Every structure is written in structure tokens, then in C-alpha cells.
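Participant: Single-letter residue listing:
Protein chains: 2
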Amino acid sequence: VTTVALDAFGADRGPGEVGAGAAEALTDGVAIRLFGPAGLPAGRGVELIETEEWIDNSDEPVAAVRSRPEASIVRAARDVAGGGSQALVSAGSTGATMTAALFAFKRIRGVQRPGLAVLVPVPGAGGKPVLLLDCGANAEARPQHLVQFAFLGSAFSEAVLGVSRPRVGLLSVGEEASKGRPEVIAAHEVLAGAPGIRFEGNAEGRDIVSGDFDVVVTDGFTGNVALKTLEGTAKAVAGAVREAATSNPMAMAGGLLLRPALGRLRRTLDPNATGGAILLGVRGVAVVAHGSSTAAGIAAAVRLADRAVRERAIERMEEALAGSGAGRAALRERARESAEPDTQAG
Amino acid sequence: VTTVALDAFGADRGPGEVGAGAAEALTDGVAIRLFGPAGLPAGRGVELIETEEWIDNSDEPVAAVRSRPEASIVRAARDVAGGGSQALVSAGSTGATMTAALFAFKRIRGVQRPGLAVLVPVPGAGGKPVLLLDCGANAEARPQHLVQFAFLGSAFSEAVLGVSRPRVGLLSVGEEASKGRPEVIAAHEVLAGAPGIRFEGNAEGRDIVSGDFDVVVTDGFTGNVALKTLEGTAKAVAGAVREAATSNPMAMAGGLLLRPALGRLRRTLDPNATGGAILLGVRGVAVVAHGSSTAAGIAAAVRLADRAVRERAIERMEEALAGSGAGRAALRERARESAEPDTQAG
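Residue numbers (my numbering), protein chains in the order written: chain A, 63 to 408; chain B, 63 to 408.
Honestly, the hints are just simulated from the structure, not real lab data. All values derive from a computational prediction rather than experimental measurement. You may find that some hints are simply not true.
Any copy will do: because identical chains look the same in the list, a pair fits if it lies in one copy or spans two.
[Stated by the list, open to error] Here are the simulated SDA-like cross-link-like pairs (lysine to any residue), alpha carbons at most 20 Å apart as the crow flies:
hint, residue 1, residue 2
1, Lys-297, Ala-125
2, Lys-168, Arg-328
3, Lys-190, Ser-129
4, Lys-190, Gly-325
5, Lys-190, Gly-301
6, Lys-190, Arg-304
7, Lys-190, Arg-260
8, Lys-297, Gly-144
9, Lys-297, Gly-105
10, Lys-297, Asp-274
11, Lys-168, Ala-125
12, Lys-190, Asn-310
13, Lys-190, Glu-305
14, Lys-297, Gly-236
15, Lys-168, Arg-140
16, Lys-190, Ser-309
17, Lys-168, Ala-254
18, Lys-190, Arg-268
19, Lys-297, Glu-380
20, Lys-168, Gly-144
Please work from the sequences and hints to get the whole structure.
Facilitator: Structure, rendered in C-alpha cells:
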């Protein structure tokens, strides 16, 4: 049984919804330590650790995590580091969750910057989610960060998502190795010669949902913009379809007949369904659920964390990074150039 | 009557389709000088200037434009600069078209980097297209480039798209002024205090299609990724709806009833419909139609170019830039820092 430290604070729908998510996740044989306010239901499989302090989106993450050791997310992260639980889940501030996890878990050996990976639902039959990273842990990336994201994402995809030899793409503005920002061109060169990874070259924006890649790697600024563009567009198009289906009586009849089939599509595209984002590069499992998560979304996030623990995701990422001669060489070579700044919350 | 220099080479569907587009555009009272191979239909309103040389996507744009003065796009751009026509349209290599236009037209006074602006169709009723720039003229942007894009885009939106006091957003990873890459934060600061522009703060990826902004400004790398992500997602969701509508007999019946309403949505989302991309910051009108343009797409691009000429878009962008004290001051202040490199084709 995996014990998950679940932060009940900070979710848009409040601690009650997170508590309901905890109860829903239990059916999968997970134990939960819930860090939240008094009064949340506990009992069979859910232990409530009463917490009165929390960090929200308006707080500056690094300062808040440093100065508020009793905040729910900080206590939950410490609980994992101390062995009281094996994975951290929160639907609160992404920045605070990343910072608390980074401080409590430390980085995997050799990793300079952890990256936030999001499982992006891909519409259409047989569409497996694509792992997109970094989606906002860092506003900028050096070539070696992009190379590390590629190895971390590939190992995670294989370990937790069950993809055999994941196809890794580097997000850019054209297929040619010469296209893109200087750091992208440099990372392409390293990845093209790296053993232990199936690098399929540059991916363009449209390739995030093309099904041609299992892992798409980019910096946190571009990844965040791409992810939100994708979510916004999917929502806008779905909304326009709904609008079209009420535009006249004939269309309304059609919409009614189509509803069950479209409902399946809507569930595929629901960002809740994939369990949210996961911080890769730290020595522990940390999952950030959508802020707007329903109980089902929280449960999905807990399940994702549980799967990462059971599949030994951290160990396998450590092995992938350590085993990649090319990755290591590139890192060493470039470590000299870079005085390393703090991880920025995006 | 506006005379448009139209490059017949480089389009995915070949010169014949471009010729058909020329004929279709004529109904709007435009004259066309068509730079293409012998045998294309000419006559009433279309003058064929026979050209045997061309530049395609595999050519390095700057080198090709410099070394092939007789290539169709180079001759067409020269024709505009020489006064034989008033606007340039091509469905060929974006890089070659931008380079030929930049060399032949020169930059608007004070502009350091021209930007490629795309009219992004927004789904849903009343969705006006949003102007997104830069979509790939430059892989990177300094703060002053982003500020200039904001003024160029705002003036173009007002002049050519008829938007009164366009709402301008700066693409970033959060609403707060402190979020994003350093150059975005710096540009935000300048724009927040700039007169002559309606700056509404940061826009996130989802805001490109939210309808809350008329102009969204970013660097060419992020803009290109966002645009292609948006196009890819719209296509994938529309495809999944189509798939859902054939998944069983009931859904098929529904799909048939919905078809007319969905057809209107498809036409709204068709990248052909808006006329493509326009290069802002050069002293002439240059429109890049989608490479896959049909005759209708070519005609839309010609109409966009015609509208830009009739509405004096260039003069109005010049006025907007010259009139913006804050913009000018920021430019001067930063001009010292930056030795200016060549424009890169993205």
C-alpha cells in the first residue's frame, strides 16, 4: 500500500472536495495522510493531520515555503521526506508545491533544474496522453536543462505510462535541426547523438497532439503557453460545436443524437482525467492536480502518484540519467559555464 | 484600384492554383501582376510577368534572396518597391517572402525587427480574428522588439481590421506583471506606462482564443509554437468530433443533422479564410498566404493586402510608432545596448 501525503488546502473547490477525492482514491488500495483543517472526514485509510496554515497563489512560493514551516504543503512534503508517506499530492499553488518538494526531496543527482511535466490528453481514437515538459517550473532553459528534461520524460513515460521506447521530440519552429532558439539548436545536437533515448527530432506545435510523439520537451515558458493554448483551443472548439448544436431545430436534434459520443470525447479532453502535472527531477514523487480539480480529479492525481511509486519512477529516472553517457558528458561539459541560479516558479 | 504583385511559385498546390486565386480576387476590383511560369492565364486585370526562377522552402532565405535577383519573389518585391504595384503576396517560402520584402521595402523608421502577424480565427459566435505576432520572423525578442510589435499590431488592427482601440495583450505564463521571461517582464513595464496604446496586461495561452484581446504580442518562437498548437488542436478536436459522429448509427444520424451548422464552424476555423500572415514593420504591404492555400485562400490574401493598401496601414503604423513618446523613449534607451543583428527567418 502506498501512503500519499495529500494537501487539502489551496484547491479552488476547497478542502471538502479534496477530502472527497481522498475517499474516492481509497478504493484503489491507497492510504492517505490528509493535511488540512479540522473537521475533514477521516477514518478507514484516511488519517487527518490537522493544519491551520497554508500557502496560496498570491504568495511568493520560495519566501512562503521558507518562512511557513507549518503550512500544509510544507508539512506534507516533509512527511514524505521523513518516510511517513511516499508521495506528495496538492491541488494548491503550483509554485509552492514545486518549491516545497524541491526543498524537502532535493534533486536527483546530476539534475540542475526539475521540470513540470503534464500529461496532455490527445483527442481522437487511440490517442494516448503525451507528456509535455517543462510546463512552467522555469521561465528559461539552457541546452543541458532541455537534454535532462528529455531523459527524465522518457524514463517517466516508460516507467509510469507504460510506453515502450518513448518517442521524444524537442519543441521548435520547424523540423530542421537548425530551426529555433540557440538553446534548442544546441540541445538538438546533443540529443541527436545521445544513447539510451529515442530522439525523433524537432516537434512543432501541432505535433503535441499529432500522436507522433510520446514526450515533447521544451522550456517552461513555451510549454506553459503551449499547454494553455491547447486547453483554451480545445475548450473553444468544443464550445463552438455545442453552440452549433443549438443553432436551429435540426442541429439540436442532431446534437441530441450525438451527445453520448461527444460525451466520451469530452471525458477524454477533461484535464482532470489525467491526474495533472508531476515534478520530474526531484528525489520523490510530487503531483500537482489542476486547481479546479473535482473529487475525481484529486483521485486521478493520487492514482498517478501511486503508480509512480509502485513503478519506481524515481529510481528509473535516476538510472536513465546516470546511464546516459552522452547526457552526462554534456552536463559536465556545460556545468562549468553555468553558475546555477535558484529554480524559479513559473 | 490596387495593383498586387503576386508570386505564383512556391505554393503547395502549384502555380495553377495561384493563378486561379488571382482570377477569383479580381472580382473585388484588384489588378494583379502575376510573377510565374509561362502559360498561366492572363488577360482582364491579370498581367503575367514570366519568371523561370524561384525560391523554395529548402533554400536558406537570406542567401537565396541575395543571390537570385530573378527569382519570382525577389522580382515581385522589387516591383512593389519600384512602384509597379502596391502590395506583395506569396504562398511560397515564408522566410524568402519576409527577406525579399525587408530588402526591397526597408524598415519603418525606428523599427528594429519586423514581425510576422497572423490573423488567428477564433471559434464561436461573434469571434473576431485575433492578431498574433510575432509568429516566426525572429526566434528571440528583446523587450524593445516586443514593445514595437505591440504598437505595430495595434495600429494594424485599428487600420485594417477596423477594431476601435484594440485591446493589446503580452503573452506570458500568468497575469501578474512579474511573470514570464525577463524580456517579457521588461516589455510589460514599458507598455504599462505607454500612451497611445490600450495595453491590457499579460495574456496567457488560453487568451489567444478567449476573445478578451484583439492583439497578442510575443516573440517569434513562442508565437510560432502557439499558432501551430492552436491549429493542430482545432484540427484534432474537429477530427475527433467527426469521428464521434460516425461511431454508431445514432451518432451518424446526429452528425448528418448537424452538418450544416458544423460546416459554418469549419469555415470559421479554416486558416485559408483570414488571408494568412502579414509582415509588420516594413515600409510596404507583404502578405504570406498559407502554403496549402486554395484559390480561395489566395484570393483572401490578395483582399487582405488590398485592404492594407486602401486603409493606409503602413502610414498609420508609422504614425503610431512616431507618436508614441514612451515607445520612442524606450527604443532610444535600449538602442544603445543592442548591436542589431540581421532578421532571422524562423
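Participant: Indicate, hint by hint, whether the structure satisfies it.
Facilitator: Cross-check of the supplied hints:
1. Lys-297 to Ala-125: neither (35 Å within a copy, 43 Å between copies)
2. Lys-168 to Arg-328: neither (38 Å within a copy, 49 Å between copies)
3. Lys-190 to Ser-129: neither (41 Å within a copy, 47 Å between copies)
4. Lys-190 to Gly-325: within (18 Å within a copy, 28 Å between copies)
5. Lys-190 to Gly-301: Result: close only across copies, 16 Å inter versus 23 Å intra.
6. Lys-190 to Arg-304: between (25 Å within a copy, 19 Å between copies)
7. Lys-190 to Arg-260: within (18 Å within a copy, 42 Å between copies)
8. Lys-297 to Gly-144: Answer is neither; intra-copy 41 Å and inter-copy 47 Å both fail.
9. Lys-297 to Gly-105: neither (38 Å within a copy, 47 Å between copies)
10. Lys-297 to Asp-274: For Lys-297 and Asp-274, the Cα distance is within 20 Å only across copies (15 Å; inside one copy 23 Å).
11. Lys-168 to Ala-125: Close inside one copy (17 Å), not across copies (49 Å); limit 20 Å.
12. Lys-190 to Asn-310: neither (35 Å within a copy, 22 Å between copies)
13. Lys-190 to Glu-305: Only across copies: Lys-190 and Glu-305 sit 16 Å apart there, 28 Å inside one copy, limit 20 Å.
14. Lys-297 to Gly-236: For Lys-297 and Gly-236, the Cα distance is within 20 Å only across copies (19 Å; inside one copy 26 Å).
15. Lys-168 to Arg-140: This pair counts as within: shortest intra-copy Cα distance 11 Å, inter-copy 60 Å.
16. Lys-190 to Ser-309: between (33 Å within a copy, 19 Å between copies)
17. Lys-168 to Ala-254: Classified as neither: same-chain Cα gap 29 Å, cross-chain 39 Å, threshold 20 Å.
18. Lys-190 to Arg-268: within (15 Å within a copy, 22 Å between copies)
19. Lys-297 to Glu-380: Answer is neither; intra-copy 37 Å and inter-copy 38 Å both fail.
20. Lys-168 to Gly-144: within (13 Å within a copy, 64 Å between copies)
Hint violations for this structure: numbers 1, 2, 3, 8, 9, 12, 17, 19, all remaining hints satisfied.
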